[in-house]
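A.B. asks: Heads up: the sequence lines are chains A and B, in that order.
For the first sequence, position 15 (counting from the first letter as 1) is numbered 14 according to numbering that gives the first Met the number 0, and the numbering increases by one without interruption.
For the second sequence, position 91 (counting from the first letter as 1) is numbered 90 according to numbering that gives the first Met the number 0, and the numbering increases by one without interruption.
Any given hint could be a false lead.
All copies of an identical chain are treated as equivalent in the list; a pair is satisfied when it fits inside any one copy or across any two copies.
[Claimed, not checked] Here are the simulated DSS-like pairs of lysine-lysine, each with C-alpha atoms no more than 30 Å apart in a straight line: (1) 95 x 132; (2) 72 x 132; (3) 95 x 121; (4) 43 x 3; (5) 121 x 132; (6) 127 x 3; (7) 50 x 3; (8) 3 x 132; (9) 132 x 108.
To be clear, the hints were calculated from the coordinates, so they are not data collected in a lab.
Here the structure is a predicted model, which means the values were calculated and not measured.
There are 2 protein chains.
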Amino acid sequence: MELKQCINYLLTTAQHNIFQSLSNRLSQFDLTPVQYGVLDCIWKENATSPKQIAELLMLENSTVSGVLERMEKKMLIIRNISKEDRRYIQVELTDKGRDLEKDVVAVVKAFNQEVFSTMSAKEEEALKELLRKLALLDY
Amino acid sequence: MELKQCINYLLTTAQHNIFQSLSNRLSQFDLTPVQYGVLDCIWKENATSPKQIAELLMLENSTVSGVLERMEKKMLIIRNISKEDRRYIQVELTDKGRDLEKDVVAVVKAFNQEVFSTMSAKEEEALKELLRKLALLDY
Chain A
0 MELKQCINYL LTTAQHNIFQ SLSNRLSQFD LTPVQYGVLD CIWKENATSP
50 KQIAELLMLE NSTVSGVLER MEKKMLIIRN ISKEDRRYIQ VELTDKGRDL
100 EKDVVAVVKA FNQEVFSTMS AKEEEALKEL LRKLALLDY
Chain B
0 MELKQCINYL LTTAQHNIFQ SLSNRLSQFD LTPVQYGVLD CIWKENATSP
50 KQIAELLMLE NSTVSGVLER MEKKMLIIRN ISKEDRRYIQ VELTDKGRDL
100 EKDVVAVVKA FNQEVFSTMS AKEEEALKEL LRKLALLDY
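Pulled out of the complex, with its shape left as it was, chain A reads as follows (with noise of 0.2 Å):
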């Protein structure tokens, strides 16, 4: 067993190239990758709860707290009060938050198609089929 032939090793070093060199493109944003996430979870899927956001991310809801309480901070978001229900938190878009959409989304976009650029149309879509494995594999 060599580490170089270890899932998580291969993993880890892939994913730590792919978060840095997507984390300088969006430094310009003063976004991270995260918090792009979370904002295309908005934009996108009109997600209103912290806990479908965290579903659709993937993330722990007290991970997602964390980084929508930066996100409050920088005033990308609003958090209210559910008016339905006072138990439960509600996520809004700043304007500020609202007009990101269009630059951040044609950034990650072009950073994509550099990265696929890489390797053919196949091998893209087989990368991608066995990342979403390995995303919910259970042991």
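Keeping the supplied structure of chain A fixed, place chain B upon it in accordance with the hints.
C.D. replies: Positioned in the frame of chain A, the structure of chain B alone reads:
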């Protein structure tokens, strides 16, 4: 551009799941995946310097320095001042660190076999190649 097509999202969710599963398997030895990685560099590659370990694991020197400090507290390794050049640190296994090799490697090997049993040999090779490529992409 959908979030679920984004390479960073796909890698991060896959890495998170696999890392958690391997962490669970290694907890019986009171080891984290990165601590296993460091031990493996010494077991298999006879790495003796923090710099060499950082290169093999594709980590920052400062990260490795923190990991080694925690591993010394757990009495897995000792950090000595190099006898050849007093500016350098030399990492050495303790008996405890040496004795873990057989059992830990067996657990990591079994874990990898389980993960890769979910795909064909061809898919496994393609995945490994693509992950190695993504780890080295330079933007």
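A.B. asks: Identify every previously stated hint that the structure contradicts and give their numbers, smallest first.
C.D. replies: As far as the earlier hints go, 1, 2 and 3 are violated by this structure, in ascending order.
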